[in-house]
Amino acid sequence: MLLLEAVRQALRLLWAHRLRSLLTLFGLAWGTASVIFLVGWGEGVQVMLERGFFKAGKNMGEVWAGRVSEEFTPAVDRRYLWWTIDDVDLLRRRAKLPELIGAESWEMLPAAFGPRAINVDVRGLDPEAMAVRGVALAAGRGITREDVEHRRRIVVLGDKVRTRLLGVDGGLGSWIRIAGKPFKVVGLLEHVGTQLSRDRLEIDEHAWIPISTMQANWPRWWTDEFVVSKIIYRLRDRRLMEDTEREVRAILAGRLGVASDDIEAVGIWSSLKLLNKLPIDQTQGLMFVLATATLVIGGIGVLNMMLDAVHERRQEIGVRLAIGARRRDIIVQFFIETFTIALAGGLVGAAFGVAGCALFASFELPDFLPVPLLSLRVVALALGVLSCVALAAGVIPAWRAARIDPALTLRME
Amino acid sequence: MSAAERSVPGPLLELEGVHKRYAMGKQGVDALRGIDLRIQTGELVAIMGPSGSGKTTLMEILGCLSRPTSGGYRMAGRRIAEIDSDGLAKLRGERIGFVFQSFNLLPRLTVVENVELPLAYRQVSRSERRERALASLDRVGLGHRAQHLPMEVSGGERQRVAIARALVNHPSLVLADEPTGNLDSQTGGGILALLHSVHAEGNTVVIVTHDAAIGAQAQRQIFLRDGRIESDETAAKPMDSARLPLETAD
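Listed in order, the protein sequences are those of chains A and B.
First residue of the first sequence? That's 214 in the working numbering, and the numbers climb one at a time after it.
First residue of the second sequence? That's 109 in the working numbering, and the numbers climb one at a time after it.
These are computed hints drawn from the structure, not numbers from a lab.
Warning: the hint list may mix true and false statements.
[Stated by the list, open to error] Simulated coverage check for chain B against chain A, where a stretch passes if three residues somewhere in it have a Cβ under 8 Å from a Cβ of chain A:
| no. | segment |
| --- | --- |
| 1 | 170 to 182 |
| 2 | 193 to 200 |
| 3 | 225 to 236 |
We put the CB at the ideal spot given by N, CA and C, even for glycine.
I would like the entire structure built from these sequences, with the hints used as guidance.
Structure (structure tokens):
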């Protein structure tokens, strides 16, 4: 009865002073909603960034050949470097840390289908490179080992190239011309969307052909070697990023005859590195602190309200003590009252926070905008912080209430 | 608590040299200056005196709402000084029923919930609470008002509710502080009659009042002045000879 009575008492108190309750609980509601919304938003940012950065390939590392760095050679002798398919083979044999290693070449070439012609980012890939990119097929098939062996003139089109070039007339099995040469469309890629990290055009604007076909049709003018524009690999484990880079660079540097720490000669880029450098956790932490500060201020409002209530009800408290309530009964009562009131505010806030997240999620927003993510963890976090604030706000009123002199009941006639 | 405990020989209340000093400014105020008093089980006592005589302070001490600054107080043989604050709360809940001048009902609880309250602090089950509270309300003739709020009943009825609350634990001692102070004389008379009938059932009743007419109805009248007992008169009725103070065995 006493527990229930305290809860009822709290609700009555809220109802009896509706305007004051509204003002007092606003802070708590706002704070709780802020925690849910802002921390959720932080999670959303993280997810959005990861998704955006990994669209070009999850946990992907990209290796470029540059020039021998000035630190290692006189300026006059700064060779230009490039990879060949043999370098990729060597790397595949020797490197233990990458999960998968692929080779990629590119050219910007005109592509035509019927009367339409556009410039396309044509990429020569091997099956491994396609796997590292990790883009799903919307239809058809990808590039196979046989395609590479037979230098087949087949092409897999990115989403935008498909709509712009093929339009509604063409599809799987259509023949297009790339720089005048006929290629058969065997696969169509899923829509990838805005990439936060990319090289040249986005994947949606790519046309993928076997890397051997690329080499056979558009060899480099300066060499007869089978040139590879870029080596890409996938990390076995995110935590091995640095080690993997070191291993890959050491192997390739040895192959080129440059120093094993020449980062200009063997350039490695990975979006994971950038992602790790972004202060996402700190931002999220800051938001949490700001939202919590709002909650604490809301808690002070409740504290104030309860101190008022204790003062107004000291007669009642005296009566309770006189008829047999122990001090701890009074403490528990006021704790529960404070907690109920704070919880009421918090639940309203939580409802708003959840509704806010749901509202954002229901909009068709561009995929590079972060959407606050609603998770049980975040809601639990918000209510946890709220509980701490509520408990803290309950201490002083409860203590004050318990210190009331029961003899007061006789004096306040 | 039992009949055996109630029938412990010796006085129910026993004060020896009780002083009470309130800290006020540098000097403090002496509200009680050495009270020696024994009240036997089953007595009806009126404590009277002008304002400032220490009536209320004495009432506080008798009701275990505050402790003497010095001097000894025993209730049913137990030394109050040796009981901690939780123990005093228990004692108040189980053995003392308070009736206040301004009734002191909790305005947001119904009549029956008000009467139940002392039981609630003693972990009595819900159904037993309700049963005993209703019985107690019937005792004061207000069974039909159980579900009303205090505001919805008259002043006299409120005081009856307060008496029902005081009786619900079957206390050894009923302490009434100016129980008719806020009532007209006719209603007040009804309340006094009720307190007399409570006494007639074997309860010890102590009434604090400044009204000589009320005091005159009591068997025993104690007059306070300046924190001391000025007079302590027991009406000469034959039945009272059996209640003369006995020397306790201890």
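- Coverage assertion for the segment 170 to 182 of chain B with respect to chain A, Cβ distance below 8 Å, three residues required: holds (count 3)
- Query: For the segment 193 to 200 of chain B, do at least 3 residues have a Cβ located nearer than 8 Å to some Cβ of chain A?
  - Reply: This one holds; 5 residues, not fewer than the three required, reach chain A with a Cβ under 8 Å.
- Residue count check for the segment 225 to 236 of chain B against chain A: does it reach three with CB-CB under 8 Å? Holds: 6 residues of the segment 225 to 236 of chain B have a Cβ under 8 Å from chain A.
Violated hints: none; the structure is consistent with every hint.
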